[in-house]
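Student: Those protein sequences? They're chains F and W, same order as listed. So the first sequence is numbered by the working numbering: it starts at 637 and just counts up by one. So the second sequence is numbered by the working numbering: it starts at 637 and just counts up by one.
Be careful, since some hints might not be right.
If several chains are the same, the list does not tell them apart, and a pair holds so long as it fits within one copy or across any two.
Pairs of lysine-lysine residues, derived as DSS-like cross-links and limited to a Cα-Cα distance of at most 25 Å, are as follows [what the hints assert, rightly or not]:
(1) 733 x 858
(2) 703 x 727
(3) 955 x 760
(4) 760 x 726
(5) 700 x 733
(6) 924 x 1043
(7) 733 x 1043
(8) 924 x 671
To be clear, the hints were calculated from the coordinates, so they are not data collected in a lab. Remember, predicted model here, so these are calculated numbers, not experimental data.
2 protein chains.
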Amino acid sequence: MTQDHIVLSPYEMPDRWYNILPDLPRPLPPPMDPKSGPSRMEMLPQVFSGKVLEHEMCTDRYVKIPKEVRELYIQAGRPRPLIRARRLEKKLNTPAKMYYKAEFYSPTGSHKVNTAIPQAYFAKQQGLERMTTETGAGQWGTALAYACSLVGIDITVYWVRAASSWKLGRRNFMQMYGAEVYDSPSDRTEIGQRLLQEDPNHEGSLGIAISEALEDAVSDEKAVYSLGSVLNHVLLHQTIIGLETKKQFEIAEDHPDIVISCLGGGSNFGGLAIPFAGDMINNGNDTKFIAAQSEAAPNLNGTYEYDFGDYAEQTPLLKMYTLGHQCVMPSIKADGLRYHGAAPIISALRNEGLVDTIIYPRDEEYVFKRAEMFVQREGFLPAPESAYSIAAAIDEARGCRDRNEEKTIVFNVSGHGFMDMDGYRDILGLGQSNSSAST
Amino acid sequence: MTQDHIVLSPYEMPDRWYNILPDLPRPLPPPMDPKSGPSRMEMLPQVFSGKVLEHEMCTDRYVKIPKEVRELYIQAGRPRPLIRARRLEKKLNTPAKMYYKAEFYSPTGSHKVNTAIPQAYFAKQQGLERMTTETGAGQWGTALAYACSLVGIDITVYWVRAASSWKLGRRNFMQMYGAEVYDSPSDRTEIGQRLLQEDPNHEGSLGIAISEALEDAVSDEKAVYSLGSVLNHVLLHQTIIGLETKKQFEIAEDHPDIVISCLGGGSNFGGLAIPFAGDMINNGNDTKFIAAQSEAAPNLNGTYEYDFGDYAEQTPLLKMYTLGHQCVMPSIKADGLRYHGAAPIISALRNEGLVDTIIYPRDEEYVFKRAEMFVQREGFLPAPESAYSIAAAIDEARGCRDRNEEKTIVFNVSGHGFMDMDGYRDILGLGQSNSSAST
């Protein structure tokens, strides 16, 4: 059993991030300015800290993790375990070996701390006084609030109303870290005011919240904007997940045939997958990568083209698989998966035919039922977003059973669901009063 | 920093529990039958599994942890880190060294899994089909639901209404594990029916919920009762906390002068303190033990006498510091501290003058403000009960500052507060809508 629970000591934590850019089969299409309007590219230095921009454009294969950031990673509980899902395998009667990365062992609840920590650290180093950001499910906002609290810098969070309206606990958690939290669209920005005039109860979207956070940051020279997904530097920082996992597979003397995680913008999927994808490109081993998505936002099945990262067209154009930066996506419990585009790096891998996708119905019962099976077998309560990763792993393991294939599957459980129980209650019909569970 | 985050590998986890009974200065006063009524002692074999009764009466200094239980401990994330509270020390400007045990890294949210796992395992081994229990804050009910789910046995939980009424998320979490959850007093037992007749909205108490769970178990020969605190076997299983912590202090080449935790029935306090208390008794080193309690239930300042463990007088009499088994305790957010008596072992240590206590006001703002300071400095959200442990550690560290004493303090953060945010919101006045936190 101990070898089913593969832990690294803090001393064994990787000391550098992996950058796949130099290893991509074709150069990554660069961000661009749109034909009309002011230059978004020239705006970037006002928006991001210098170090973050450097990481965004970096072409080195490896980037050293600063000592102070490594120390904060350890404070946040890194390295995290890789766990063999022995009970789940038995329940599924599958010959497949299933491993999951325990990113849910996080002070704020998810993998988002992996980039929140360096971004807050770099902003503080640069003498900035405030960070602005958006959040969808609330996990990113909490992670950045945590990081800002630890390094000592203020933070303003714009939260997509579709999620903030039913996640009061997570709002208060951000507030305990000292964060200012505003429902988005808000009346604090021009874009927010315009949308609220159209609809006072506007549900918002990640794209809109990004627009508000950007507008706020640009109007305050002591503030810097921070993004929790999509961009190269975010995925760079998140590779700590996959780099640890690779070390853990070496200890387990195994190697994944199938790498799975859920994908909204791509930060947790990329964090796990990119180091293994680099291996596949460089060593030509045959690994399958599967991104689990919702019918509500199947961006990897969108068109591969240059599009804006936000609703109000304030960002440069990014080459990505996109549903269109102003498309309206239905509200789901796994709000963290609700974004119109996939990270340029993931999109490039997708375009090379290296990333598959599985789309789950907007009715989330199918997915949450599998999360419930995971809870009862492995004992950990996943975030609604992570439930998609679990569902895809279970479906792959069942496929292995039907084809009698002894594959090794690794999937990321990117966050815990302790603060998202309302979502499970609504979809699984859990009891409000004296009643037994559906068993 | 790495040496500030002291982790043990699964291979380094202690393989035996420590039993302080043979090391107590005086023999522990045994449980007794009351003068009148049926024999409660003779009822015990119907109520507890054989192995649990054996552990309850055991006089061996060490008890081997079965291999299967060790494996489940590892699945539950043991061993858990011991963390130097470097940021908190700096904020307090104290010469004291502060360490906290991270029991909040728990699949269900608290240290309660440490005894839930062996109790569920032993019941399953004995061929029993169902466990019944009570829960106060909800942490114990969740922990036993988790353990029962992993070993494959049914569970019925009676939940003190004072807490269940505002913790819907935790109820649903138990239900996801397959647990049947009933508000206590319930209409499923005679004692519950009687109390509901007196008051249909009866807030309940841990003592009442124990009575209901006992009545349920006694009436079903395939069911066994399980207690989450107070008794010897529970504290025996919980010593895994202190045994790990001792190993971690050896690695840190340090030794605690002050051992602190919150105390309701005594399971988390005992789990951390007992191995250090045994050391003090055997080696005569000078260690201070402080139990943090609420004015709502200051049982360690009660009278040291034989009393019932439950409201309806179904348990044997236990020699303990007690407020009286039918005393009415005001409702607080830290409901897990709301019990009328302290564990016989802790009471005996208290009677020897080895355990001090600090009582915090029923208005929990003083305590929760210190929890907020811990959140902003260390980044972890504690359970409301654990906030008392944190408050006591902070107050001791401030005392060290005022007296310029370089003491080493260790305190247990027994659980996380992700599912208890409503409690913090009410007491700290956190925002419901667009508003900034009190910083």
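Student: Go through the numbered hints given earlier and state which of them the structure violates, listing their numbers in rising order.
Tutor: 1, 3, 5 and 8
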